[in-house]
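*Asks:* If you want the building blocks of each chain, they are given just below.
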Amino acid sequence: MTDNAEATNPETVTIEVDGRELEVPKGSMLIEATDNADIHVPRFCYHRKLSVVANCRMCLVDVEKAPKPLPACATPVAEGMKVRTRSERALKAQKGVMEFLLINHPLDCPICDQGGECELQDLALGYGRGVSRFTERKRAVEDEDLGPLISTEMTRCIHCTRCVRFLEEVAGTRELAALNRGEHTEIGTYVGAGVHSEMSGNIIDLCPVGALTSKPYRFSARSWEMLSHPSVSAHDCVGSNLQIHHVRGAIKRIVPRDNESVNECWIADRDRFAYEGVYSGERLQAPMVRDDSGAWQETDWETALEVAGEHLKGVVTREGGDALGTLVGPTATIEEMYLAGRLTRGLGSANIDARLREADFSDQDRSGTFPALGIELEALDGVEAALLVGSEPRWDQPIVNHRLRKAALQGGAIMSLNYRAQDLNYPLAAERVAAPADMVAEFAAVAAALLETATGRQAPEGLDDLLAGAQVGEAHRAMAARLRDNARTAVLLGQGVQAHPRGAVLRMLGTLVADLSDSRFGILTDGPNQAGAWLAGAVPHRDAGGQPASQPGLDARAMTEAPRQGYLVLGAEPERDCWDGAAAEAALRQAASVVCLTAFVTDAMREYAQVLLPVGTFGETAGTYVSAEGRWQSFPGVAQPVGEARPAWKVLRVLGNVLELDGFEYDAPDAITDELAERCREETPSARVEWLAPGREAAAEDGLYRVGLVPIYGGDALVRRAPALQRTRHATEQGVRISAATAQQQGLADADRVQVQQGGHSTVLPLIIDDALADGAVWVPAGLTATAGLGPMFGPVALARA
Amino acid sequence: MNEQRLSERVLTQEQRKQIDHWLSKFPQEGKRSALIPALHIAQDGNGGYLTNELMDAVAEYIGIEPTWAYEAATFYSMFDTQPVGRHKVNICTNIACMLMGSDDIVAHCEKRLGIKLGETTADNRITLKIEEECLAGCAFGPMMVVDGHYHTQLTPEKVDEILDNLE
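Line order of the protein sequences matches chains A and B. Reminder that position 115 of the first sequence reads as 115 in the numbering used here, one-by-one numbering, no gaps. Reminder that position 23 of the second sequence reads as 23 in the numbering used here, one-by-one numbering, no gaps.
Treat the hints as calculated values from the structure; they're not laboratory data. Hints are not guaranteed to be accurate.
Claimed, not checked - As a list, the in silico DSS-like pairs of lysine-lysine whose alpha-carbon atoms are at most 25 Å apart: (1) B:LYS31 to B:LYS17; (2) A:LYS92 to A:LYS82; (3) B:LYS31 to A:LYS406; (4) B:LYS111 to B:LYS158; (5) A:LYS49 to A:LYS65; (6) A:LYS138 to B:LYS116.
Said to hold, decoys possible - Some chain B residues judged to face chain A by a derived CB distance under 8 Å, without partners named: (7) ASN52; (8) GLU65; (9) THR67.
The structure presented is a predicted model; accordingly, all values stated were derived computationally and were not measured. Note that beta-carbon positions come from the ideal geometry of N, C-alpha and C, so glycine has one too.
Whole structure, please, built from the sequences with the hints as guidance.
*Replies:* Okay, here's the thing in structure tokens:
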């Protein structure tokens, strides 16, 4: 609001508030002026990110010459306006409003979850009467079940409608309504549909009273006994800023920390509720080693580290350095990655990779510094056109989707080229749905469409091979035109490109399309720290600092397809986190030595590992994530690690010492961060992949083909163990999805469950007919318990009636 | 899956044509303005009340979120979301009518029909609506609206005659 006013009309007006002269932008509301000047005006319904409704009346102020007190949130400033926020008239008006608000509100703060951090409680103390004069009956409202994340106590609702407006204006899902009227007004869904937005938890923060509270947190702590520390989300490449609230080291809840350039004041439900996994029953409590009979024994850290050292040393001594492989999970910090990289290389191996969900590494030496977003998150709000390729940001990076939605609502043309039709909360300007085998040709057709109008540009060598006979159609030309004819444009690739067997060609095409249309080019990467992995040396082709490695090692896929004798696994569950879970599990099972630094222990891990070392999770470990933007964000270790767990950087440091490697003497994680930062000073982020004429691929065989992307609550070990998130519709409605035509062709039109077969592995899942999918594509999510141990995320698959 | 749109299944072609008429009166970004007439059309075709399915169908047809329809239908007393009798009787009880004796008229109706405000006679003939707002007949109170028709300067005898003539 203010921004618009300033942009279109730079003039300001001078007003006087409580005797202070303020210079404020013309057209802004009084409450914005007072907020900016740190003059507090009480309010419930006003929120700077939401539309103004002026329905709570709490912000009444005394404006000179106005016959009545005026609501500051809906009163535009005017030259010479004289405002008093604390005059007798203003205070009387505020007191009167407060008395009305409390008529139906219960006065039982001690038993309310919001007690102690309640805006109504605070303002009642500051602006209300000491005693209630209301002796009549208060109304009661029946509670509605909004789902596993949000608790309701609707009798406490004061009808500010922030939740309704948030869901409509920000989340883009108008799931709540203000029903009935007058004294009977209730906030609800009317039909009991629940609230399912992937950003729904923000209404807990927005609710000024105890009507909407966090279900997992409810009644587990009081605001005044908690300490609050800053942190960063560990679940996507946005790096949303958080505050961790904890009681004596036990995490109680997560709330957003304002950062206009990253997450504004919102966070996704995944950022908010994944912490529950920290206290999962599957946490590894103490270091474990196998005894002589092979049975698991708990032991002390010293013994466990000795044994781990012997295993790792033993492998490289017996078989040579190349026999060791290090797999780094999605949520590792750069400090952990840096130490793991140095440890692995110190042992004579260059086989380390954090790109567990990628399939095609053939462009790694031609790539930029790291797979970067290529555009500031804030600039996404204002793109005039953006092409998403193999990317579903609504589920993968909800904050990115929120920003793209803002762009779309301002008329920006968001376009998608994907394996299925997008399920979005804003309209797309253009959409193509392509089976995995057609993806390259489809994207090449967009590049070819751009070349049709680019004067003086020759088609790069081999583009015809990528087109593989496909014709440039109107849809491709329309996409090309939007990118070409607008100034602020972006081409963004997602996990559907990263996991595609021809990901390198798709990235190269992305670079070409961006070049031809003068667009920004970027990748929405997996996990919170893929950029960090490239900078910290947790990739086989780059040393710490992002310098090309003199002796490149094996990538993640090669390490599982050509099994090693020893593995160091850092914060990963390879059977679920690797591109080919089946191959990863098989490789680990045949290895002589597997040392896992892990927060959680699984049955599979107990079978393949020789040493299990418990490490800290999100919140328990200090560290740094580098977001896709290239933003380094450090956070402290706040929570007390569960059981005997220790931060992984400490474990790696001691392991480095046990192995008698040089340079593992650090007292604090910032010493590691500083050392690495020093080595990364020269690097500027870029995801560009230079053109290299591709060969013609053999035509894909006909048949069913798996698209195995990771669903919103399946991305890492923590979120998979967060019970409330796992009870949401997003997690429970997972199954095999195929189009009606594919189902018909396979004779599965009436099947409820199907057996999915990939290689020698199979699992049974519910079948969902979903015409959003391209024909022939079989949507089998990765990262789930049910699909752990299946084959590649992208690859031939067979379905049979179960 | 839903092969047919809900609105095409639940609303008749004639009803959809009527809604189109209202939609044509508003610009695309203001199409929500057609909601109230559309809800009336749906309600009139369903014995005087709206079901959840009808509200969903209207919202789908107009192209708005269903919660908008629920809000409008529960806000305005001219919409019913529970089954009603064949005739709706709305007695104004707002201040002007109250001063002219509307309380007596309400008491008389309740006694004669054997139901309270908000209830429907057992034979499903008449629903006595709870009227919240002034019905804009202040000069001629007490007054009531029966199936959209105004009856003013009511007396118990006049009320009896009106009620007795309802089928």
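*Asks:* Taking the hints in turn, state whether each one holds.
*Replies:* Against the structure, the hints:
| no. | hint | result |
| --- | --- | --- |
| 1 | B:LYS31 to B:LYS17 | holds (15 Å) |
| 2 | A:LYS92 to A:LYS82 | holds (18 Å) |
| 3 | B:LYS31 to A:LYS406 | holds (21 Å) |
| 4 | B:LYS111 to B:LYS158 | holds (15 Å) |
| 5 | A:LYS49 to A:LYS65 | violated (30 Å) |
| 6 | A:LYS138 to B:LYS116 | holds (23 Å) |
| 7 | ASN52 | holds (6 Å) |
| 8 | GLU65 | holds (4 Å) |
| 9 | THR67 | holds (4 Å) |
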